[in-house]
Amino acid sequence: MLRSLTSVERSLEIGPGSGIYLPVLAERSHQVLAADIEQAYLKHAQEMQQQLPNLECVHDDITHTRLQPGSFDLILCSEVIEHIADSLAALQGAELLLADDGVMVLSTPQRYCPLEVCAKIAFLPGIIQVVCWIYGEAVEDTGHINLLTEKELKRQLTVAGLEVDTEYKSGFYLPLVAEFCGQPGLRLLRWLEGILRDTPLSGLLWTQYYVLRKRPSSPVQA
1 MLRSLTSVER
11 SLEIGPGSGI
21 YLPVLAERSH
31 QVLAADIEQA
41 YLKHAQEMQQ
51 QLPNLECVHD
61 DITHTRLQPG
71 SFDLILCSEV
81 IEHIADSLAA
91 LQGAELLLAD
101 DGVMVLSTPQ
111 RYCPLEVCAK
121 IAFLPGIIQV
131 VCWIYGEAVE
141 DTGHINLLTE
151 KELKRQLTVA
161 GLEVDTEYKS
171 GFYLPLVAEF
181 CGQPGLRLLR
191 WLEGILRDTP
201 LSGLLWTQYY
211 VLRKRPSSPV
221 QA
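Going letter by letter, the sequence shown gives residues 1 to 222 in our numbering.
It is worth saying that the hints were derived from the structure and are not from the lab.
Among the clues, some could well be false.
[Claimed, not checked] Below are the SDA-like pairs computed for lysine to any residue, each with C-alpha atoms no more than 25 Å apart in a straight line:
#1 Lys154 with Arg111
#2 Lys214 with Asp86
#3 Lys154 with Lys43
#4 Lys43 with Ser78
#5 Lys120 with Gly161
#6 Lys154 with Arg187
#7 Lys120 with Lys43
#8 Lys43 with Glu27
#9 Lys154 with Glu27
#10 Lys43 with Ser107
#11 Lys154 with Gly194
#12 Lys120 with Leu196
#13 Lys214 with Lys43
#14 Lys214 with Lys120
#15 Lys154 with Val164
#16 Lys151 with Cys118
#17 Lys120 with Thr166
#18 Lys151 with Gly161
#19 Lys154 with Ser78
#20 Lys151 with Ser107
#21 Lys214 with Ala99
#22 Lys154 with Trp206
#23 Lys154 with Val58
#24 Lys151 with Leu174
#25 Lys43 with Leu196
#26 Lys120 with Ser78
#27 Lys43 with Glu82
[Unchecked claim] Pair by pair, the computed Cβ-Cβ distance ranges are:
#28 Asp86 with Ala40: 20 to 28 Å
#29 Pro53 with Glu137: 33 to 41 Å
#30 Gln68 with His144: 25 to 33 Å
#31 Tyr41 with Glu9: 24 to 32 Å
#32 Glu56 with Val117: 36 to 44 Å
#33 Val211 with Val58: 21 to 29 Å
#34 Leu201 with Gln50: 21 to 29 Å
#35 Pro53 with Asp101: 23 to 31 Å
The beta-carbon is built from N, C-alpha and C at its ideal position, and this holds for glycine as well.
Please model the entire structure based on the sequences and the hints provided.
Structural data, given as structure tokens:
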């Protein structure tokens, strides 16, 4: 999705994590800003600055951003808002920073997809020990404290002043099939993904993706 976008002057990644998208943004932007509230995550981005001279890193809370309003032509927020209790405030902060003709790319897991439901069940008392035994290693909590359905997210986008230009869903997970059934299991999951997409059951797919723009302001009545 990012590779299909045209070059821009300034781009922002909210919550860059391991920084896997920063090289793509750097290719398509004159200046790239990586912003995160956690200094530990910013460290990954800072380590990439030598290879990406147009990359700048800044400590910032998107729910109370101190960055300049309307200063970014492209904003990426991938797998972030599910970690933020007040996702509406985060979306409002992103809308504030987006230029009037800018584009925002957003992705977040779906609330009731099997992967997220299984992740919640896995940490119930007595179950986590069994899960660790099956996988043969420690299993970490996802930290997903604010999972949203498509309907819930679109409601927040509207309140934040953002409108959907393009949307897409992908990824289907079944417990143990993905981990232990190899290529046949992968082919099965991809087949099921294709069947579920664009149906009322698309909420079972793992991730929802959106290309967003600022909602045009209503003209002032004379």
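A quick look at each hint next to the structure:
1. Lys154 with Arg111: holds (13 Å)
2. Lys214 with Asp86: Answer holds: Lys214 to Asp86 is near 20 Å, not above 25 Å.
3. Lys154 with Lys43: violated (32 Å)
4. Lys43 with Ser78: The hint holds at about 18 Å.
5. Lys120 with Gly161: violated (32 Å)
6. Lys154 with Arg187: violated (31 Å)
7. Lys120 with Lys43: violated (29 Å)
8. Lys43 with Glu27: Holds. Lys43 to Glu27 sits at ~21 Å (cutoff 25 Å).
9. Lys154 with Glu27: At roughly 30 Å apart (the allowed maximum being 25 Å), Glu27 and Lys154 break the hint.
10. Lys43 with Ser107: Roughly 22 Å between the alpha carbons, so the hint for Lys43 and Ser107 holds.
11. Lys154 with Gly194: Roughly 23 Å between the alpha carbons, so the hint for Lys154 and Gly194 holds.
12. Lys120 with Leu196: Judged against 25 Å, a Cα distance of about 22 Å means the pair holds.
13. Lys214 with Lys43: violated (31 Å)
14. Lys214 with Lys120: With Cα atoms ~34 Å apart, Lys214 and Lys120 exceed 25 Å; violated.
15. Lys154 with Val164: Holds, because 8 Å separates the two Cα atoms, which is no more than 25 Å.
16. Lys151 with Cys118: Distance ~21 Å between Lys151 and Cys118 Cα, so the pair holds.
17. Lys120 with Thr166: Distance ~30 Å between Lys120 and Thr166 Cα, so the pair is violated.
18. Lys151 with Gly161: holds (16 Å)
19. Lys154 with Ser78: holds (16 Å)
20. Lys151 with Ser107: holds (14 Å)
21. Lys214 with Ala99: holds (8 Å)
22. Lys154 with Trp206: Roughly 17 Å separates the two Cα atoms, so the pair holds.
23. Lys154 with Val58: violated (29 Å)
24. Lys151 with Leu174: Measuring from Cα to Cα gives roughly 23 Å; hence the hint holds.
25. Lys43 with Leu196: violated (39 Å)
26. Lys120 with Ser78: holds (21 Å)
27. Lys43 with Glu82: Judged against 25 Å, a Cα distance of about 21 Å means the pair holds.
28. Asp86 with Ala40: 20 to 28 Å: holds (21 Å)
29. Pro53 with Glu137: 33 to 41 Å: holds (39 Å)
30. Gln68 with His144: 25 to 33 Å: holds (30 Å)
31. Tyr41 with Glu9: 24 to 32 Å: Holds: the Cβ-Cβ distance is about 25 Å, inside 24 to 32 Å.
32. Glu56 with Val117: 36 to 44 Å: holds (39 Å)
33. Val211 with Val58: 21 to 29 Å: holds (24 Å)
34. Leu201 with Gln50: 21 to 29 Å: The hinted range 21 to 29 Å is violated for Leu201 and Gln50, with Cβ atoms some 46 Å apart.
35. Pro53 with Asp101: 23 to 31 Å: With a Cβ separation near 26 Å, Pro53 and Asp101 satisfy 23 to 31 Å, so the hint holds.
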